[in-house]
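Engineer: So the sequences go chain by chain: A and B.
Numbering follows my numbering, with no gaps: position 453 of the first sequence is 453.
Numbering follows my numbering, with no gaps: position 111 of the second sequence is 590.
Worth flagging that the hints you see were computed from the coordinates, not collected in a lab.
One should not assume that every hint holds.
Straight-line C-alpha distance at most 25 Å; calculated PhoX-like pairs for lysine-lysine [unchecked claim]:
#: 1; chain 1: B; residue 1: Lys543; chain 2: A; residue 2: Lys272
#: 2; chain 1: B; residue 1: Lys531; chain 2: A; residue 2: Lys274
#: 3; chain 1: A; residue 1: Lys248; chain 2: B; residue 2: Lys513
#: 4; chain 1: A; residue 1: Lys248; chain 2: A; residue 2: Lys290
#: 5; chain 1: A; residue 1: Lys220; chain 2: A; residue 2: Lys183
#: 6; chain 1: A; residue 1: Lys183; chain 2: A; residue 2: Lys290
#: 7; chain 1: A; residue 1: Lys248; chain 2: A; residue 2: Lys220
#: 8; chain 1: B; residue 1: Lys561; chain 2: A; residue 2: Lys274
#: 9; chain 1: A; residue 1: Lys183; chain 2: A; residue 2: Lys52
#: 10; chain 1: B; residue 1: Lys523; chain 2: A; residue 2: Lys274
#: 11; chain 1: B; residue 1: Lys523; chain 2: A; residue 2: Lys250
#: 12; chain 1: A; residue 1: Lys183; chain 2: B; residue 2: Lys561
#: 13; chain 1: A; residue 1: Lys52; chain 2: A; residue 2: Lys99
#: 14; chain 1: A; residue 1: Lys220; chain 2: A; residue 2: Lys250
#: 15; chain 1: B; residue 1: Lys543; chain 2: B; residue 2: Lys531
#: 16; chain 1: A; residue 1: Lys290; chain 2: A; residue 2: Lys274
#: 17; chain 1: B; residue 1: Lys561; chain 2: B; residue 2: Lys535
#: 18; chain 1: A; residue 1: Lys250; chain 2: A; residue 2: Lys199
#: 19; chain 1: B; residue 1: Lys513; chain 2: B; residue 2: Lys523
#: 20; chain 1: A; residue 1: Lys272; chain 2: B; residue 2: Lys535
#: 21; chain 1: A; residue 1: Lys272; chain 2: B; residue 2: Lys513
#: 22; chain 1: A; residue 1: Lys250; chain 2: A; residue 2: Lys278
#: 23; chain 1: A; residue 1: Lys248; chain 2: B; residue 2: Lys543
#: 24; chain 1: A; residue 1: Lys99; chain 2: A; residue 2: Lys199
Now the in silico label distances, taken between C-beta atoms and shown as ranges [unchecked claim]:
#: 25; chain 1: A; residue 1: Phe54; chain 2: B; residue 2: Glu553; range: 52 to 62 Å
#: 26; chain 1: A; residue 1: Ile161; chain 2: B; residue 2: Gly588; range: 40 to 50 Å
#: 27; chain 1: B; residue 1: Ala532; chain 2: A; residue 2: Ser190; range: 51 to 61 Å
#: 28; chain 1: A; residue 1: Ala29; chain 2: B; residue 2: Glu553; range: 54 to 64 Å
#: 29; chain 1: B; residue 1: Ala489; chain 2: A; residue 2: Asp420; range: 47 to 57 Å
#: 30; chain 1: A; residue 1: Gly30; chain 2: B; residue 2: Glu553; range: 29 to 39 Å
#: 31; chain 1: B; residue 1: Gly574; chain 2: A; residue 2: Ser190; range: 25 to 35 Å
#: 32; chain 1: B; residue 1: Glu602; chain 2: A; residue 2: Lys220; range: 22 to 32 Å
#: 33; chain 1: B; residue 1: Ala488; chain 2: A; residue 2: Val341; range: 37 to 47 Å
#: 34; chain 1: B; residue 1: Thr539; chain 2: A; residue 2: Lys248; range: 56 to 66 Å
#: 35; chain 1: A; residue 1: Asp171; chain 2: B; residue 2: Glu553; range: 16 to 26 Å
Derived, one-sided and incomplete: chain A residues facing chain B with beta-carbon distance under 10 Å [what the hints assert, rightly or not]:
#: 36; residue: Glu24
#: 37; residue: Ser136
#: 38; residue: Val139
Backbone N, C-alpha and C define an ideal beta-carbon position, used for all residues, glycine too.
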Amino acid sequence: MTEEQKPSASKVVDGLKLGQLGQEVVVPAGARIVTQGESPEFFYVIQAGRVKVFRETADGIRTDLTELAMGTYFGEVALVTGQPRTASVEAVEESRLIKVSKEEFDHLLDHNPQLARHIINQLSQWLVVGDRRLESEVVHQVKLRQVSWFDYVLMIGLSIILALVVNIYNDNRIPLIHDWGVKNDVPLISLGQAQELYKQNQAILVDARKSAFFNQEHIKGASNLPLILFDLMYPLFQFTVEQTQGAKDKTIIVYGGTFSRRFDLELARLLKHKGMQKVVALQDYRGWPKAFPLGGQAPKEAASLPLGLPGYVEWVPVGIFLLILIPPIRRSPYLAVVGRVILGFIFISFALSKIMRPAVFALNVVDYGMMPSWGVNLWALVLPWAELVVGLFLILGIRTRAAATLIGAMNIIFIVGLVDAIFHHLPINCGCVGEVGEPVNWWKVTKNVGMLVMCIQIFLYDRFLVLDRGGFILRDRKI
Amino acid sequence: MKKDFLKLAAVLGLIMVCLVLGGCGESRSPFAGKYRSVEPFAGKSHVDLDLKADGKGTWTHAGKSTDFTWMVNEGRIWIYTKTGAIVIVSPGNGGNLLSADMTADWHPGCPPSSCVVFRRVPEGG
């Protein structure tokens, strides 16, 4: 009942000869007067006090419809329609009511056209207001469920801007594209020529990759000078070369380039700048395992440091994955809220462990060997920021469906990378949380699958505690 | 529109708080100081390691210095080179001995072939 309707209702009620009808009852505050779904028996007129009209769904979601005060009435809808009560009514404070039976109410309507007209008018008004509310709620729900391109542009755009701006001011900044515009002045040698020199013992072979890759597989007799430790390890390499018999006449052949980074060319350039003569790199940088005799140890899992709290929290999605197998829980919006908080925490932890040192994360990306070299630094700069922004959006309840989609997409990429690394026995760490953190194994894949399932659950069923178009939505939403 | 700005401000504020909290490591002071390798490195001179309290440091060998940054995490020293490598250094003997794992990975026990051991140089020494 709207505010403007109250005076007219009051006038109508004042016009009734209430003393001749019904019986007076006093209800204490909090007492239920009418219960939704019950058969209607009485019509009520409020003489003093206030009552609240509300509806409640089977799963306990309550919608407050209105509050009525002195001079107004309720209970007429069910009596007129003959249907069960459409809403419940309870006293907000101690109230005095006139309780009119159905027979008396029918008699009243028959002999009081003014009241009958008013009730018809009232019901029509409610119908119109109800339609508007319904439309507004439908529009709201549709907007809430909508995922627009703007959501993705907002999150990805914000991540890119933050990544680029912070990189400018970061002491550990990296170029957007590694080795962009660097001209290769290193002579290349074919596999056949390199084999010939190797057979004649006229070559010093140098592996430019990280020591874990070298230890797993390398050209027999090669030495390892990891490019990433060049400044620290070059003296040792120099010493080794000086101790090699006839080193001055030998060609230094650098190998170890990958799809994601040409370690070989970079190391060869550095060796030349140090004054070393006859430095070349392999032309077919991926062909050496088939062309040379190999040494190395059987593949084994890379050593890793414990991760602490984020490492344990990552197991929660696996537990939730099992919960999701139970259908009523699967559809629970509360589970979606829990999932958002957990995923948000995990992804923010992921991000913070690598965000300020993009060079370290770039090397993790290189380890997987799946990203072309031009994309490695861009990915290493933007991904941690995307994890942070999307994680915060999930926790704050902003654009949660789009955020869940993005985290799901990241998880799919991670799963593909992990499975590829497992099948190729890469001696690497995950690079997901922490810098020298988790090993790559099927447990890690399981955790990522758990997170992916949580993303799907959030996408489908999240609707509470969201700060989205149309305002903040709590569980007990007042319409 | 105003609501959108508030949302954006909330997100940016939280990002800044996260960054500040995430950037706080353990105290560096127990390990700050000068160290020298126990053995000569690469058949030449000893390596001098200078860990400054502000998180910067230098590795000096055969007259050539290389700058890096460092932090303490779970009782270990993490040395970050400009190239992105991490050298994990495990302290021993009450912080007087440092074992640097030169594989750019971490291995339990520091592999002997890739391990450089440093001893703290007494102040003024």
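Engineer: Does each hint fit the structure? Answer for all of them.
Structural biologist: Against the structure, the hints come out as follows:
no.: 1; hint: Lys543/B <-> Lys272/A; result: 18 Å, holds
no.: 2; hint: Lys531/B <-> Lys274/A; result: 29 Å, violated
no.: 3; hint: Lys248/A <-> Lys513/B; result: 37 Å, violated
no.: 4; hint: Lys248/A <-> Lys290/A; result: 28 Å, violated
no.: 5; hint: Lys220/A <-> Lys183/A; result: 31 Å, violated
no.: 6; hint: Lys183/A <-> Lys290/A; result: 29 Å, violated
no.: 7; hint: Lys248/A <-> Lys220/A; result: 21 Å, holds
no.: 8; hint: Lys561/B <-> Lys274/A; result: 18 Å, holds
no.: 9; hint: Lys183/A <-> Lys52/A; result: 79 Å, violated
no.: 10; hint: Lys523/B <-> Lys274/A; result: 17 Å, holds
no.: 11; hint: Lys523/B <-> Lys250/A; result: 23 Å, holds
no.: 12; hint: Lys183/A <-> Lys561/B; result: 21 Å, holds
no.: 13; hint: Lys52/A <-> Lys99/A; result: 17 Å, holds
no.: 14; hint: Lys220/A <-> Lys250/A; result: 17 Å, holds
no.: 15; hint: Lys543/B <-> Lys531/B; result: 18 Å, holds
no.: 16; hint: Lys290/A <-> Lys274/A; result: 31 Å, violated
no.: 17; hint: Lys561/B <-> Lys535/B; result: 12 Å, holds
no.: 18; hint: Lys250/A <-> Lys199/A; result: 12 Å, holds
no.: 19; hint: Lys513/B <-> Lys523/B; result: 19 Å, holds
no.: 20; hint: Lys272/A <-> Lys535/B; result: 29 Å, violated
no.: 21; hint: Lys272/A <-> Lys513/B; result: 32 Å, violated
no.: 22; hint: Lys250/A <-> Lys278/A; result: 7 Å, holds
no.: 23; hint: Lys248/A <-> Lys543/B; result: 24 Å, holds
no.: 24; hint: Lys99/A <-> Lys199/A; result: 110 Å, violated
no.: 25; hint: Phe54/A <-> Glu553/B: 52 to 62 Å; result: 55 Å, holds
no.: 26; hint: Ile161/A <-> Gly588/B: 40 to 50 Å; result: 45 Å, holds
no.: 27; hint: Ala532/B <-> Ser190/A: 51 to 61 Å; result: 53 Å, holds
no.: 28; hint: Ala29/A <-> Glu553/B: 54 to 64 Å; result: 59 Å, holds
no.: 29; hint: Ala489/B <-> Asp420/A: 47 to 57 Å; result: 38 Å, violated
no.: 30; hint: Gly30/A <-> Glu553/B: 29 to 39 Å; result: 56 Å, violated
no.: 31; hint: Gly574/B <-> Ser190/A: 25 to 35 Å; result: 53 Å, violated
no.: 32; hint: Glu602/B <-> Lys220/A: 22 to 32 Å; result: 48 Å, violated
no.: 33; hint: Ala488/B <-> Val341/A: 37 to 47 Å; result: 21 Å, violated
no.: 34; hint: Thr539/B <-> Lys248/A: 56 to 66 Å; result: 28 Å, violated
no.: 35; hint: Asp171/A <-> Glu553/B: 16 to 26 Å; result: 23 Å, holds
no.: 36; hint: Glu24; result: 49 Å, violated
no.: 37; hint: Ser136; result: 18 Å, violated
no.: 38; hint: Val139; result: 17 Å, violated
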